[in-house]
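*Asks:* Here is how the chains run, residue by residue.
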Amino acid sequence: GAGVSQTPSNKVTEKGKYVELRCDPISGHTALYWYRQSLGQGPEFLIYFQGTGAADDSGLPNDRFFAVRPEGSVSTLKIQRTERGDSAVYLCASSFQLTSYEQYFGPGTRLTVT
Amino acid sequence: AQSVAQPEDQVNVAEGNPLTVKCTYSVSGNPYLFWYVQYPNRGLQFLLKYITGDNLVKGSYGFEAEFNKSQTSFHLKKPSALVSDSALYFCAVRDVIDSGGYNKLIFGAGTRLAVHP
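From first to last, the protein sequence lines are chains G and Z.
Counting in my numbering, the first sequence runs from 1 upward without gaps.
Counting in my numbering, the second sequence runs from 115 upward without gaps.
Incorrect hints may appear among the rest.
[Claimed, not checked] On the chain Z side, residues computed to face chain G include the following (Cβ under 8 Å):
hint, residue
1, G157
2, L158
3, K163
4, Y216
5, N217
[Claimed, not checked] Straight line, CA to CA, 20 Å or less: simulated SDA-like cross-link-like pairs of lysine to any residue:
hint, chain 1, residue 1, chain 2, residue 2
6, Z, K136, Z, S174
7, Z, K163, G, Y101
8, G, K78, G, V19
9, G, K11, Z, G157
10, G, K11, Z, P154
11, Z, K163, Z, Y216
12, Z, K163, G, S100
13, Z, K191, Z, E180
14, Z, K172, G, S100
15, Z, K163, G, Q97
16, Z, K163, G, L98
17, G, K17, G, E83
18, Z, K163, G, T99
19, Z, K183, Z, Q116
20, Z, K172, G, E102
21, Z, K136, G, Q41
22, G, K11, Z, N155
23, Z, K163, G, F96
24, Z, K163, G, Y104
25, Z, K163, Z, H189
26, Z, K191, Z, A128
27, Z, K172, G, Y101
28, Z, K136, G, G40
29, Z, K172, G, Y104
30, Z, K136, Z, A201
31, Z, K163, G, E44
32, Z, K163, G, E102
33, G, K11, Z, R156
By construction, these hints were calculated from the structure, which means they are not laboratory data.
Here a beta-carbon is modelled for each residue, glycine too, at the ideal position from N, C-alpha and C.
Pulled out of the complex, with its shape left as it was, chain G reads as follows (with noise of 0.2 Å):
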């Protein structure tokens, strides 16, 4: 079946302007998950979703990084006023449930801000 599929492959913005990422889980999953991965170094976890709830935003580094799952699919990253320091790999994995162990992974959106 489709795996995780992410959207843009690739995306290039401004300083300063908004940012939306998209995450498209495998069909059943209710868990979601987001990390950052920069060059060079493993991904970092960003935020949890339990259906449609976030229930561990704790990695996201500042308000201007937000993400939504409303109907408890698919799933939307945003990043306001973006800075060059927010340039990196965001992943989206996805698992059937809470306790599953294995996370399914996208292949990212590589966001370069210039």
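Given chain G, work out where chain Z should sit, using these hints.
*Replies:* The following block gives chain Z in isolation, referenced to the frame of chain G:
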């Protein structure tokens, strides 16, 4: 705080030789450990996990990992490397303290495995 360390930025091995990618961890309580692999332009793929039970865990594509509590290590191994194994490998630990039962992962920085023909 929970953490994992991958001491090698890159591992080089000849095809057909055994390979080891190292990982050490620091956690409070019992560790939940994972290995993921990242191929170019593709998402991370789950390889294997250690939750409890046998210290030798078998995973996808012929990989296995050995959990060693006394050395706080979880090294990834394969008896005979293939050129197609060349990729970026990440060790991860579940953040048990902050995690409300879900699998918030803390990743290492990654190790690039290069298998030469």
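*Asks:* Determine for every hint whether it applies to the structure shown.
*Replies:* Checked hints:
At a threshold of 8 Å, the smallest CB-CB gap from Z:G157 to chain G is about 4 Å, leaving the interface hint in force. Because the smallest distance between the Cβ of Z:L158 and any Cβ of chain G comes to about 4 Å, under 8 Å, the interface hint for this residue holds. Annotation: Z:K163 was flagged as interfacial toward chain G, and the flag holds, the nearest CB pair being 5 Å apart, inside 8 Å. For Z:Y216, the shortest C-beta to C-beta distance to chain G is roughly 5 Å, which falls under 8 Å, so the interface hint holds.
At its closest, the beta carbon of Z:N217 sits 6 Å from a beta carbon of chain G; the interface hint therefore holds under the 8 Å criterion. The straight-line distance between the Cα atoms of Z:K136 and Z:S174 is roughly 18 Å, inside the 20 Å bound, and the hint therefore holds. Restraint check: the Cα-Cα separation between Z:K163 and G:Y101 comes to about 8 Å, which is no more than 20 Å; the hinted pair holds. Between G:K78 and G:V19, the direct Cα distance comes to roughly 6 Å. Compliance with the 20 Å bound is thereby established for this hinted pair.
For a cut-off of 20 Å, the pair hint linking G:K11 to Z:G157 stands: about 17 Å separates their Cα positions. Straight-line distance between C-alpha atoms of G:K11 and Z:P154 comes to about 18 Å, which keeps the hinted pair within the 20 Å bound. Distance check on the hinted pair: Z:K163 and Z:Y216 sit about 15 Å apart at the alpha-carbon level, within 20 Å; holds. With a C-alpha separation of about 12 Å, the suggested pair Z:K163 and G:S100 falls inside the 20 Å cut-off, and the hint holds.
About 8 Å separates the Cα atoms of Z:K191 and Z:E180, which keeps this hinted pair within 20 Å; it holds. At roughly 18 Å between alpha-carbon atoms, Z:K172 and G:S100 fall within 20 Å of each other, so this suggested pair holds. Taking the CA atoms of Z:K163 and G:Q97, the gap is about 17 Å. The hint holds against a cut of 20 Å. Simply put, Z:K163 and G:L98 have alpha-carbon atoms about 16 Å apart, close enough for the 20 Å limit, and the pair holds.
Distance restraint check for G:K17 and G:E83: the Cα-Cα separation of roughly 8 Å lies within the 20 Å cut-off, and the hinted pair is therefore satisfied. Distance restraint check for Z:K163 and G:T99: the Cα-Cα separation of roughly 14 Å lies within the 20 Å cut-off, and the hinted pair is therefore satisfied. For the given pair, Z:K183 sits about 15 Å from Z:Q116 by alpha-carbon distance, which is consistent with the 20 Å threshold. Among the hinted pairs, Z:K172 with G:E102 is consistent with the structure: their alpha-carbon atoms are about 14 Å apart, no more than 20 Å.
Note on Z:K136 and G:Q41: the hinted pairing holds, with a Cα-Cα distance of about 16 Å set against a maximum of 20 Å. Proximity of G:K11 to Z:N155 is assessed by CA-CA distance (about 15 Å); at most 20 Å being required, the pair is judged to hold. For the hint linking Z:K163 to G:F96, the alpha-carbon distance of about 16 Å falls within 20 Å, and the restraint holds. Restraint check for Z:K163 and G:Y104: satisfied, since their Cα atoms lie roughly 14 Å apart, inside the 20 Å limit.
At most 20 Å may separate the alpha-carbon atoms for a hinted pair to count; Z:K163 and Z:H189 meet this at roughly 12 Å. The suggested pairing of Z:K191 with Z:A128 holds, with an alpha-carbon distance near 14 Å, which does not exceed 20 Å. In summary, the hint linking Z:K172 to G:Y101 is supported, as the alpha carbons are separated by about 15 Å, within the 20 Å threshold. Distance hint between Z:K136 and G:G40 is fulfilled; the C-alpha atoms sit about 17 Å from each other, no more than 20 Å.
Distance hint between Z:K172 and G:Y104 is fulfilled; the C-alpha atoms sit about 19 Å from each other, no more than 20 Å. Among the hinted pairs, Z:K136 with Z:A201 is consistent with the structure: their alpha-carbon atoms are about 15 Å apart, no more than 20 Å. For the hint linking Z:K163 to G:E44, the alpha-carbon distance of about 19 Å falls within 20 Å, and the restraint holds. Among the hinted pairs, Z:K163 with G:E102 is consistent with the structure: their alpha-carbon atoms are about 8 Å apart, no more than 20 Å.
Distance restraint check for G:K11 and Z:R156: the Cα-Cα separation of roughly 17 Å lies within the 20 Å cut-off, and the hinted pair is therefore satisfied.
Violation of the numbered hints given earlier is absent; every hint is satisfied by the structure.
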